[in-house]
Amino acid sequence: MARKDEMETLVSKHPPGAGGPPKTPKGASPASKALITRNLRLAFGEVASEPVPDRFLDILGKIDEAEAKKQ
Amino acid sequence: MTQLSAFKSDLIQLLPSLRAFARSLSHNPAQADDLVQDTLVKALANVERFEPGTNLRAWLFTILRNHYYSQLRKSKREVEDADGKFAARLSTRPEQDGSVDLEDFKVAFAQLAPDHREVLTLVGASGCSYEEAANICGCAVGTIKSRVNRARKRLADLLGLDEDANPLPTGGRMLEDTANV
Chain A
1 MARKDEMETL VSKHPPGAGG PPKTPKGASP ASKALITRNL RLAFGEVASE PVPDRFLDIL
61 GKIDEAEAKK Q
Chain B
1 MTQLSAFKSD LIQLLPSLRA FARSLSHNPA QADDLVQDTL VKALANVERF EPGTNLRAWL
61 FTILRNHYYS QLRKSKREVE DADGKFAARL STRPEQDGSV DLEDFKVAFA QLAPDHREVL
121 TLVGASGCSY EEAANICGCA VGTIKSRVNR ARKRLADLLG LDEDANPLPT GGRMLEDTAN
181 V
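Protein chains in written order, with the numbering used here: chain A, 1 to 71; chain B, 1 to 181.
Don't read these hints as lab results, they were simulated from the structure. Please note that the accuracy of each hint is not assured.
Stated by the list, open to error - Looking from chain B toward chain A, a few residues come up when the C-beta cut is under 7 Å (computed):
1) 4
2) 8
3) 42
4) 73
5) 74
6) 120
7) 125
8) 153
9) 156
10) 158
As the list claims (entries may be wrong) - In silico DSS-like links for lysine-lysine, alpha-carbon gap of 27 Å or less:
11) B/106 with B/74
12) A/26 with B/106
13) B/145 with B/106
14) B/8 with B/42
15) B/8 with A/62
16) B/42 with B/74
17) B/42 with A/69
18) B/145 with A/26
19) A/62 with B/42
20) B/8 with A/69
C-beta atoms are modelled at their ideal positions from N, C-alpha and C, and glycine is treated no differently.
Bound-form chain A, shown alone (with noise of 0.2 Å):
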């Protein structure tokens, strides 16, 4: 499969061309790493708290249809 060329090529060379080359060869510092993941949870965490939309619950509500069928 496709995932096993993309596993080969992380662990053997950097990607050619695009993006440039890495400005540094190892990965993002300690610190960026902290800042990625403190953003990655406030985006997150925003989109989570939004109210969820009635449709949702809609489509839920046919389970309770289902089971009452069963009944």
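Based on these hints, arrange chain B on the given structure of chain A.
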């Protein structure tokens, strides 16, 4: 059928994070909610294939993810155009103290490839273990780890972090925060 009721209440509890996961994959909030809706319909249609007691979140995220990618294949060009709009808006530098504005962060995040957005969301934001993320994405744990590292590096580059001219402080608290990513 209390089992079905339990399934429903678990589903309702997972809706906010399912929505947030969808939003991290699809930039468009309306499209993201359509993804969630389709996921719920699929989940209900296949409810008997879910084994009670197993990981419902992983099951739902997998359905949503597979649906997203099958749609992405159908409308590749439209998605690329959408990405272009986000790319045009990014002109950001980190603050002197190394922090970045959340809106800038979102713009940079939106520029990442979908597979990078998803691993960061799963592992970084949703708190999935590497194993859970590997299960959801249908790949090896090692692949997830490499992908998370590359995604973080790419995001740091997009945000102008880690540049020599702007060294960042590495306080103990920040290091602690990275423990589970």
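Outcome of the hint check:
no. : hint             : result
1   : 4                : holds, 6 Å
2   : 8                : holds, 5 Å
3   : 42               : violated, 11 Å
4   : 73               : violated, 12 Å
5   : 74               : violated, 18 Å
6   : 120              : holds, 6 Å
7   : 125              : holds, 4 Å
8   : 153              : holds, 5 Å
9   : 156              : holds, 4 Å
10  : 158              : violated, 10 Å
11  : B/106 with B/74  : holds, 25 Å
12  : A/26 with B/106  : holds, 24 Å
13  : B/145 with B/106 : holds, 22 Å
14  : B/8 with B/42    : holds, 14 Å
15  : B/8 with A/62    : holds, 10 Å
16  : B/42 with B/74   : holds, 19 Å
17  : B/42 with A/69   : holds, 20 Å
18  : B/145 with A/26  : holds, 14 Å
19  : A/62 with B/42   : holds, 13 Å
20  : B/8 with A/69    : holds, 16 Å
In summary, the structure is inconsistent with hints 3, 4, 5, 10 from the numbered list given earlier, while agreeing with the others.
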